[in-house]
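Student: Here the protein sequences come in this chain order: W and C. 53 is the number that the working numbering gives to position 53 of the first sequence; each next residue is one higher, with no gaps. Take any residue in the second sequence, note its place counting from 1, add 1000, and you have its number in the working numbering.
Hints are computed from structural coordinates only; laboratory data are not their basis. Bear in mind that the values here come from a model prediction, so they are computed numbers and not experimental data. Ideal Cβ positions, reconstructed from N, Cα and C, are used throughout, including at glycine. Check before you lean on any hint, since a few could be wrong.
Looking from chain W toward chain C, a few residues come up when the C-beta cut is under 8 Å (computed) [unchecked claim]:
id: 1; residue: G42
id: 2; residue: S170
id: 3; residue: A171
id: 4; residue: G172
id: 5; residue: N202
id: 6; residue: M238
id: 7; residue: M281
id: 8; residue: S283
id: 9; residue: S285
id: 10; residue: L404
id: 11; residue: G405
id: 12; residue: C416
id: 13; residue: T468
Some chain W residues close to chain C (C-beta under 10 Å, calculated; not the full set) [what the hints assert, rightly or not]:
id: 14; residue: E395
id: 15; residue: E455
id: 16; residue: P457
id: 17; residue: P458
id: 18; residue: A462
id: 19; residue: H485
SDA-like mimics (lysine to any residue), calculated; alpha carbons at most 20 Å apart, straight line [said to hold, decoys possible]:
id: 20; chain 1: C; residue 1: K1434; chain 2: W; residue 2: E449
id: 21; chain 1: W; residue 1: K434; chain 2: W; residue 2: E108
id: 22; chain 1: C; residue 1: K1433; chain 2: W; residue 2: E449
id: 23; chain 1: W; residue 1: K434; chain 2: W; residue 2: E449
id: 24; chain 1: C; residue 1: K1433; chain 2: W; residue 2: G106
id: 25; chain 1: C; residue 1: K1433; chain 2: C; residue 2: E1452
id: 26; chain 1: W; residue 1: K433; chain 2: C; residue 2: D1107
id: 27; chain 1: C; residue 1: K1434; chain 2: W; residue 2: E108
There are 2 protein chains.
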Amino acid sequence: VFVNRMPRYEVLTPEALDTIERGWRRLVSEIGVQFDHPRALGLFAGAGQAVDGDRVRFDPDWVLEQVAQAPSEFSMRARNPEHDLVIGGDHMIFAPSQGPPFVRLGDERRDGTLADLERLIMLTQVFDELDTPGGNICEPDDLPLDSRHLVQNLALITLSDKVFEGDPFSAGNARDSIRMGEILFGGREQIEERPVMFANANVNSPLRYDPRMLDSMLEYSAAGQAVLVTPFLLMGAMAPVTIAAALAQQTAEVLTGISLLQLVNPGNPSIMGSFLSAIDMQSGSPAFGGPESALGVYASGQIARRYGLPWRSGGGGLTASQTVDAQAGTEAFNTMISAFLAGANVVWQGAGWLEGGLVNCFEKFVIDVEMIQLLRVQFTPPVIDEEALAFGAHEEVGPGGHFLGAVHTLERFRECFYRPMIASTENFERWTKKGSLDQNARAAKLWPELLERYERPPLDDAIEAELTEFVERRTRELGDEVVLHS
Amino acid sequence: VFVNRMPRYEVLTPEALDTIERGWRRLVSEIGVQFDHPRALGLFAGAGQAVDGDRVRFDPDWVLEQVAQAPSEFSMRARNPEHDLVIGGDHMIFAPSQGPPFVRLGDERRDGTLADLERLIMLTQVFDELDTPGGNICEPDDLPLDSRHLVQNLALITLSDKVFEGDPFSAGNARDSIRMGEILFGGREQIEERPVMFANANVNSPLRYDPRMLDSMLEYSAAGQAVLVTPFLLMGAMAPVTIAAALAQQTAEVLTGISLLQLVNPGNPSIMGSFLSAIDMQSGSPAFGGPESALGVYASGQIARRYGLPWRSGGGGLTASQTVDAQAGTEAFNTMISAFLAGANVVWQGAGWLEGGLVNCFEKFVIDVEMIQLLRVQFTPPVIDEEALAFGAHEEVGPGGHFLGAVHTLERFRECFYRPMIASTENFERWTKKGSLDQNARAAKLWPELLERYERPPLDDAIEAELTEFVERRTRELGDEVVLHS
């Protein structure tokens, strides 16, 4: 688990933050937010907010009172206590890509399968740098849609011992996910005491929550689980084309959504989501890893801290690139370092993302993890003290000398520098002799080796049997044929 | 010309900066610095510093008094006034890679030639983002070594109208470069009034200046030209393996070198160089774009500001990669964004660098320029005011709507977002149909097109004749056959 002790990169003045606050206050009070769900509307009306059809106009001060109930930091329980998480403060946690329908392995690009999902969960388990598999690291397209979440949850729980994400796509899926959490941890009380799963709710921006997301938000908050409320704002499509407007809108959407969670369960662990980018005005396609999204991340960190909320940056390895090329490296790194600079607490989409999220690429998966490894070193404050000045090494070596053989070097050479996993410093001759493999080709050789290092974490037989029985029963109830694993 | 109005990313506490100051004070006073040049030693002795053989031990307060004479900001004159430069403050200027013996064009990797150098100067001239060609963007290996600097200078002066770099490799080369500046600008007085060229002096670290670099430093400072004093510190080789020690050493080397320039010419424009990275302790090869060099850049900015010096970050597109892959994108971007975060005034090696600087790659050249374009937008503070909140757009669109057709969008869609030059947002089908070209392949198509847009900047016939005559005469004096261009 990484704790980011480096300074935050803050780009908004206090006056700019005030302007954004005026913006979201006006949006929530004058335009209002659409909540397409009778129960949500009833809760808001009961709390004295102005409900007109499915539109709610808010008292902004009431919104802030609700948000103030959400903890600024909370812990989450994993089935392996070594993988418990702290969300908030200086803590940063990382999840791989979520939701891609396609996978890429080398030059092969095809629909994702359960076997792919299992391998991606196993790769997540192998890496200390990934704190949670999340949920659907890829969509297992070979499974029937209605019962897919059950098999996915079973894979997440049995192949990994890290905190996982519940399925957010319907009330029923949410209830099934929560029930599986209860089985795993010994009952409702256990999971209410300390959340054991994430649930991500994407806002239907602009300013609208749809029935399925609201169903899911109501279920997960009733069970006290950690809900990420994430506006996905592509400026020019779901938001105006100015960063100021997009930030005000993002804040309006997040704070009203979190207000609802607090109405259901005061103090519910809630995470401010942000996912701000632009559309390419020529192609109409989304752009990722560009300047607008970086500025959005820097600013979102400041907004989250202003309102005392743990927050998620859109993603850590985002790119619009179709392949693992220099563009993918550049864009992914820009989104990843932005999360570190801005002090994001939760970094979703942190490994594997290609093609604007349509693809989870196995090669990029390990390359992105390498970026996290690099940045964990880069965002560790260097030790600057008398001993680190190493005056003795200079006395030993002297002007014009060489430090390679110095005692100071020999005592430290194994641990003193960051060592990359895939990046190469080999000279051209040696690199050519070894086949002229670029980073993508080297990654293609590495991930199967890493999978071989995978060990299935132990799980109590009785619990596994109960989970399996539950998945079998629910799958049959949903009218699907039972498949437990690939 | 870019002015970086964003905040600086500062990672050292005031106490850490004090510790580093204690470090360099002890180094310069107790270990001392070797200046292998009678005239330099004479100047230091004359100023009361302790000279013992070729070792000088300094009074650190005297060093700071000397450094205080260097301007914290100065301007430079280009032959096209639109390309005049300001060095220091919030200004950032960019130069392409300097010194690679090899070039790479697509899959071809070979020795650099005069024709390559000419094309690289022309590409530099085409891009507004590159403020100076520097000097040897690649080494023209088909020219005789003794007179190479003359042909190189002639190419720099005739093919570009931007500030250039004089040759630093000997006193004679420096005098020839200065003389060509005098011819171009109408005499010694003109170039002394305001510097017209850079000269880069690499320290022979640790703590040593060699005779050729000192020759060059003495010549250029006597002529009032802008001297970059750059320790090239690969930790583990030319510096101890701790960042604190490397920073103290870097400061010791830079400040004593700049003291010498100020002795020769009080007030001489001087730039603190920094180029700090690590060696890969397994391969023994240098690493670039990793966490150590990023931390070195962040810290170097703080040190430069403490001593009131304009400063150069090592480079802007550094990578150890052998090819234009995801590693190259990642490492180049990490070094480039570090320069922006730390507020570097001069970014050398900003385009084309591959293989740790052994290669100037034409494809990477344009990809690196795209990074500068991207970061210039990313490091422009976003406008946050009432108008930018775009409340009217929300009134027009409403919850659940779409902003693509909104008046606010239509009025701004051409200019509102960064538009990449080579990066692609095309969907997979379209990208495949167009040949599945990765960023490197697209760059290979782009740079020849950009070269076609090149226009030779006008130059007074008499001046060009005098320059040509000088080059011919000096080439013959040096015993070489005259070659003026490819």
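Student: Which of the numbered hints above does this structure break?
Tutor: Going through the list in order, the structure violates hints 1, 2, 3, 4, 5, 11, 13, 15, 16, 17, 18, 19, 20, 21, 22, 25 and respects the others.
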